[in-house]
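Visitor: Protein sequence lines correspond, in order, to chains A and B.
Using the numbering used here, you'd call the opening residue of the first sequence number 1 and step up by one each time.
Using the numbering used here, you'd call the opening residue of the second sequence number 1 and step up by one each time.
FYI, nobody ran anything at the bench for these hints, they're computed from the structure.
Some hints here could point you the wrong way.
As the list makes no split between identical chains, a pair holds if one copy fits it or if it spans any two.
Pairs of lysine-lysine, DSBU-like flavour, derived with a Cα cap of 30 Å [as the list claims (entries may be wrong)]:
#1 K15 <-> K42
#2 K125 <-> K204
#3 K437 <-> K478
#4 K42 <-> K17
#5 K122 <-> K487
#6 K209 <-> K42
#7 K17 <-> K97
#8 K144 <-> K100
#9 K208 <-> K42
#10 K17 <-> K100
As the structure is a prediction and not an experimental result, all values here were calculated from the model.
Protein chains: 2
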Amino acid sequence: MQIRTATTALYDDFKTKMQKIADVQMASAVLGWDQETYLPEKGAGFRGQQITTLSSIAHELATETALGDLLRELRQRDDLDAIAHRNVDLAFEDYEKHLKYPAPFVSAMSQATNACYHAWIKARKANDYQLFAPELASMVSLKKQEADLLGYTTHPYNALLNEYEKGATVNMLDTIFGEVKTAMTDLLRQISARPQVSKALLHKTYPKKLQWQFGMHLLQAMGFDLLAGRQDISEHPFTTSFNPKDVRVTTRVDEQDFGNMTWSCIHEGGHALYEQGLPTSQYGLPCGEAASLGIHESQSRLWENNIGRSKDFWHFHYPTLQALFPENLQGHSLTEFYHAINQVQPSLIRTEADELTYHSHIMIRYEIEKALIDGSLTVKDLSATWNQYYQQFLGVSVPSDTQGVLQDIHWSHGSFGYFPTYSLGSFYAAQFMAAAKRQLPGLDAQIHQGNYTRLLQWLRQEIHEHGRFYTSNELCKKVTGETLAFKYFLSYAQEKYREIYR
Amino acid sequence: MQIRTATTALYDDFKTKMQKIADVQMASAVLGWDQETYLPEKGAGFRGQQITTLSSIAHELATETALGDLLRELRQRDDLDAIAHRNVDLAFEDYEKHLKYPAPFVSAMSQATNACYHAWIKARKANDYQLFAPELASMVSLKKQEADLLGYTTHPYNALLNEYEKGATVNMLDTIFGEVKTAMTDLLRQISARPQVSKALLHKTYPKKLQWQFGMHLLQAMGFDLLAGRQDISEHPFTTSFNPKDVRVTTRVDEQDFGNMTWSCIHEGGHALYEQGLPTSQYGLPCGEAASLGIHESQSRLWENNIGRSKDFWHFHYPTLQALFPENLQGHSLTEFYHAINQVQPSLIRTEADELTYHSHIMIRYEIEKALIDGSLTVKDLSATWNQYYQQFLGVSVPSDTQGVLQDIHWSHGSFGYFPTYSLGSFYAAQFMAAAKRQLPGLDAQIHQGNYTRLLQWLRQEIHEHGRFYTSNELCKKVTGETLAFKYFLSYAQEKYREIYR
Chain A
1 MQIRTATTAL YDDFKTKMQK IADVQMASAV LGWDQETYLP EKGAGFRGQQ
51 ITTLSSIAHE LATETALGDL LRELRQRDDL DAIAHRNVDL AFEDYEKHLK
101 YPAPFVSAMS QATNACYHAW IKARKANDYQ LFAPELASMV SLKKQEADLL
151 GYTTHPYNAL LNEYEKGATV NMLDTIFGEV KTAMTDLLRQ ISARPQVSKA
201 LLHKTYPKKL QWQFGMHLLQ AMGFDLLAGR QDISEHPFTT SFNPKDVRVT
251 TRVDEQDFGN MTWSCIHEGG HALYEQGLPT SQYGLPCGEA ASLGIHESQS
301 RLWENNIGRS KDFWHFHYPT LQALFPENLQ GHSLTEFYHA INQVQPSLIR
351 TEADELTYHS HIMIRYEIEK ALIDGSLTVK DLSATWNQYY QQFLGVSVPS
401 DTQGVLQDIH WSHGSFGYFP TYSLGSFYAA QFMAAAKRQL PGLDAQIHQG
451 NYTRLLQWLR QEIHEHGRFY TSNELCKKVT GETLAFKYFL SYAQEKYREI
501 YR
Chain B
1 MQIRTATTAL YDDFKTKMQK IADVQMASAV LGWDQETYLP EKGAGFRGQQ
51 ITTLSSIAHE LATETALGDL LRELRQRDDL DAIAHRNVDL AFEDYEKHLK
101 YPAPFVSAMS QATNACYHAW IKARKANDYQ LFAPELASMV SLKKQEADLL
151 GYTTHPYNAL LNEYEKGATV NMLDTIFGEV KTAMTDLLRQ ISARPQVSKA
201 LLHKTYPKKL QWQFGMHLLQ AMGFDLLAGR QDISEHPFTT SFNPKDVRVT
251 TRVDEQDFGN MTWSCIHEGG HALYEQGLPT SQYGLPCGEA ASLGIHESQS
301 RLWENNIGRS KDFWHFHYPT LQALFPENLQ GHSLTEFYHA INQVQPSLIR
351 TEADELTYHS HIMIRYEIEK ALIDGSLTVK DLSATWNQYY QQFLGVSVPS
401 DTQGVLQDIH WSHGSFGYFP TYSLGSFYAA QFMAAAKRQL PGLDAQIHQG
451 NYTRLLQWLR QEIHEHGRFY TSNELCKKVT GETLAFKYFL SYAQEKYREI
501 YR
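Produce the entire structure from the sequences given, and follow the hints as far as they go.
Guide: Right under this line is the structure:
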C-alpha cells in the first residue's frame with residue numbers, strides 16, 4: 001500500500017521549489033539593477049555572463065521534471081484553498097509554457113537578443129536604420145518561430161501578445177484601437193483649432209539637486225515606503241522589484257526639462273506602489289506576481305496622469321514647487337502651470353508625448369508589429385513604413401531614423417507585443433479611477449489636500465493584494481463592474497482637455 | 001574501442017563548470033555588497049534567503065560527481081601546461097574539501113552563524129558578553145567538529161588556520177609571535193620612555209564631502225582603476241570583487257576623525273589593487289584567485305602602512321591635504337602631521353590601533369582561539385581571560401565587554417583562524433617592501449614624487465598576476481628570496497619609530 005503524501009506537505013514542497021527559482025531570478029534582477037545604476041564600465045562583460053548563468057539556472061529549475069510531477073499531483077488534490085489552487089494552476093501553465101521552448105531556441109534567442117541590441121546601439125549612433133535591419137530580421141524570424149512554438153488561434157501575433165497581456169488578441173485590439181482612432185482624431189482636431197498652451201515654463205533651468213529632492217518628496221507623498229525601496233539615477237528610468245520589501249525605482253534628471261524627472265518619478269512610483277503592495281506571503285508564487293503588464297501600467301499611468309497631471313494634485317504641490325524654484329515659478333499661476341504640463345502637441349518621440357497623442361505612437365507600433373509577424377511587412381521596408389505612419393497618424397515628418405524607427409529599445413530586446421500594454425494601461429487606469437471616484441466619496445477633496453492614503457488603500461485592497469489571482473479581465477470586472485472599456489478614458493480626456501483648451 | 005577525449009576539450013569543460021560556479025558565487029557577492037551599501041532596511045529578510053539559495057546552488061555545483069570525475073580524469077593527463085595543471089590540482093583539492101562537509105553540518109553551521117551573529121549584535125547593544133556566550137559555545141563546538149572533519153596533525157587549530165592561510169600552523173605562529181612579543185616589548189618600552197607625540201591634529205572637524213573627495217583622490221593616485229571598480233559608503237569598510245574588472249571598496253567617514261576614512265581607504269585600496277591585478281583569463285579558476293588571506297593582507301598593509309604612513313608619501317600629498325583643510329592644517333608642519341599619524345599608544349580597540357601595538361591585539365586573539373579550540377579555555381571564561389590578556393599584553397584595563405571581547409565580528413561569523421593573517425600580512429608587507437626597495441632603484445624618490453607606477457607594476461608582476469599559482473610560502477620565497485621572516489618588519493619598525501621618537 002502506497003501512503004498518500006498530505007496535500008500540505010506537497011504544497012510546501014511546491015512553495016520551496018518556487019521560492020528557490022524566485023531567489024535566483026531576483027538575484028539576477030539585483031545584478032540587472034546594479035548594471036543600470038552602479039556597475040563600473042569595464043565590468044559589463046563579466047556581468048552579462050553572470051546574468052546569463054543565473055537565467056539558465058532559473059530555467060533549468062523551472063523546467064525540472066520533478067516540478068512538473070509535483071504540479072500534476074497537486075492539480076488532482078481537492079483540498080487546496082482558492083489561492084493555493086490558483087497558484088498551482090498558474091504555475092502549471094507557466095511550467096508547460098517553459099517546456100515549449102527547446103534549449104537550442106532559447107540559446108538562439110539569447111544570442112540574437114545580444115546581437116540585435118548591439119546593432120541597435122550602433123545604428124542609433126550612426127543614425128542609420130539599415131545597420132539594424134539584418135539583426136532585426138533575424139529577431140523577427142525568431143519571434144515568428146516563437147509564435148509557432150507557443151501556438152495561437154487566428155493570428156500569430158496573438159501568441160506574442162499573450163505573453164504580456166494574457167487574453168489580449170488582435171481582434172480585441174483592433175476594436176479598441178478603432179474606437180481610439182475615431183475618438184482621438186476628433187478630439188485632436190478640436191484641440192488644434194483652439195488657442196494653444198505653452199510649456200516654456202518647464203524648460204527653464206531647474207538645478208539637479210533640487211529636482212532630485214522634489215522627486216523624493218513626491219515619492220514619499222504618494223506613499224512609497226523608503227524603508228522597503230529606494231530611488232537611484234539611471235540612463236532610462238525603470239522599476240525593479242526583488243520582493244515587496246525591496247522595490248527600486250530609478251529616474252534621470254534633465255536640468256532643462258523639469259517634466260522629465262517629475263513624471264518619470266511619479267510613473268515609476270506608481271509601478272513601485274503596486275510591487276510594494278503585492279502579498280509577501282506569496283513570494284515566488286504566481287499570486288505574488290503582478291496580474292499583467294497592462295495592469296502594471298494602469299498603476300503607473302493612474303499616478304502619472306490621472307493623479308499626477310490633475311489640477312487637484314498640483315493645487316497641493318505647486319506651492320512647494322514654487323518655493324523650491326522661486327526664480328522660475330514665482331508669478332506663474334497654478335492654472336498656467338497646469339496648462340503647461342498638459343500641453344497637447346503631436347510629436348516624434350513616444351516617451352515625450354502628451355497623454356492623448358501618446359496612443360497614436362502605440363497604434364503605429366501595433367500596426368507595424370502585427371504586419372511584421374504575419375509577414376505583410378518586411379523588415380527592410382520598416383523605416384519607410386514608420387515615417388509614413390507618423391505622417392498619417394500624427395502629421396509629423398520624421399527627420400532621421402534615430403528620431404524615428406530607432407527610438408525605442410523594445411524590438412532590439414525581442415519585445416514584440418509589449419507596446420499595446422502601454423495603451424491598455426492608460427485605459428485601465430481611467431476605468432479604475434472612475435470606479436475609485438464612485439466608491440470613495442470625497443476622493444477629489446483628499447487629492448486636493450495631498451492626501452492619497454485612502455486611494456492607495458483602495459488600490460491595495462482592490463488590485464495589488466490579489467497578485468495574479470485574477471486575470472486582468474477578471475480583475476477589471478471585479479473592481480469596476482465591467483471589462484475594459486475605452487469610454488472611461490475618452491470621457492476623462494474630453495472633460496479634462498475641454499476645460500484646458502475650452 | 002573507447003575514444004579518448006582530447007585534453008583541451010576536457011579542460012574547456014572544466015573551465016565552463018568552474019566559471020558557472022564562480023558566476024553564482026559572484027552574483028551572491030553582488031547581493032552581499034548591495035546588502036552593505038544600498039539595501040533598504042526592510043529588504044534584509046528576503047535578501048538573506050536569496051544569498052542562502054545562491055550559496056547552496058554554488059555548493060551543489062562545486063560538489064557534483066561529474067566535476068570530481070572530470071578532475072580525476074584531468075589529473076591523469078600529462079599534456080596540461082603549468083597553469084592548467086595547477087588549476088586542476090587546486091580545484092581537486094578544493095573539491096575534496098567541499099565533500100568533507102556533510103549537508104547536515106553545513107546546515108547546522110549556517111543556522112549557528114545566523115544565531116551567533118544576532119546574539120553578538122544583541123550582546124553588544126546590552127554590553128553583556130553573557131548574552132553572546134551560549135551561541136558562541138555552540139559555534140566553538142561546531143568549529144571543533146569542523147577541525148575533525150577537515151583533519152589535522154599536531155593541533156586541531158591547524159585545520160582552521162589552513163582554511164585562511166594554507167600551510168600555517170600553531171608551531172609556525174608560536175615561533176613568529178614569540179619573536180614579535182620579545183621585540184615589541186623592547187621597542188614599546190623604549191617608545192614609552194620618550195616624549196610622546198600627539199594626534200590631536202587628526203581630531204579636528206573634517207567635513208565629510210571633502211574627506212570623500214580626498215579619499216577618491218588617493219585611490220586614483222594609488223592606481224585604482226575607477227572604470228573597473230568603485231567606492232561607496234558602508235558601516236564597516238570592506239573590499240569585494242566580482243572579477244578583476246569590477247572591484248568595489250567601501251569606506252566610512254567620521255568628521256571628527258580624519259584618520260578613519262583615510263587609512264581605511266588606502267587599506268581597502270591595497271586589497272582592491274590586488275583584485276584588479278588578478279588575471280582575467282583565469283576567472284573562476286584557482287589561478288584567478290588570491291594566493292591566501294595573508295598575502296591579501298600584505299597588499300592592504302603595504303599600502304596602508306609602508307607607503308601610506310611614510311614621510312615620502314605625505315611629502316607629496318600633505319600640501320593637497322592642507323589646501324583642502326586650511327583651517328585645520330595651515331601652520332602645522334609635515335613632520336608634525338607625520339608624527340600624529342604614527343603615534344604609538346596601547347589601546348582597547350584593534351581596528352584603531354597603531355601599527356606596532358596592533359600585533360598585541362592579534363596575539364591575544366590567537367592565544368584565545370587556540371585555547372578555545374583545544375579546550376583549555378571555556379567560552380564562559382572568555383571575557384575574564386580577554387580582560388586579563390589586555391592587561392598583560394597591552395597594559396590597559398577593559399572597561400566593558402563592548403570595548404573588549406565583543407568588539408570584533410569575526411567569531412560570530414565562525415571565523416576562527418582568521419586573525420593571525422592580519423599580522424602575517426604586515427610581516428609579508430615589510431618583507432615585500434624591502435625586496436621592492438632592493439629591486440627597484442629610485443623607489444623612495446618615486447614615492448616622494450607621488451609616483452607609484454613602477455611599484456604597482458612590480459606588485460602586479462611579482463604577486464598579483466600569479467593568483468593562487470604559488471602558495472604564500474612559495475610566493476614569498478620567489479619574490480624575496482626567503483620564506484616569511486619577522487626581521488623585515490622589525491627593522492622597518494625600529495628605523496621608523498626611532499626616528500619619530502628619537
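Visitor: Run every hint past the structure and note whether it holds.
Guide: Okay, the hints, checked on the actual structure:
no.	hint	result
1	K15 <-> K42	between (38 Å within a copy, 22 Å between copies)
2	K125 <-> K204	within (28 Å within a copy, 51 Å between copies)
3	K437 <-> K478	within (16 Å within a copy, 78 Å between copies)
4	K42 <-> K17	between (35 Å within a copy, 24 Å between copies)
5	K122 <-> K487	neither (42 Å within a copy, 59 Å between copies)
6	K209 <-> K42	both (28 Å within a copy, 26 Å between copies)
7	K17 <-> K97	both (17 Å within a copy, 28 Å between copies)
8	K144 <-> K100	within (14 Å within a copy, 51 Å between copies)
9	K208 <-> K42	both (27 Å within a copy, 28 Å between copies)
10	K17 <-> K100	both (20 Å within a copy, 26 Å between copies)
The structure shown violates just one earlier hint, number 5.
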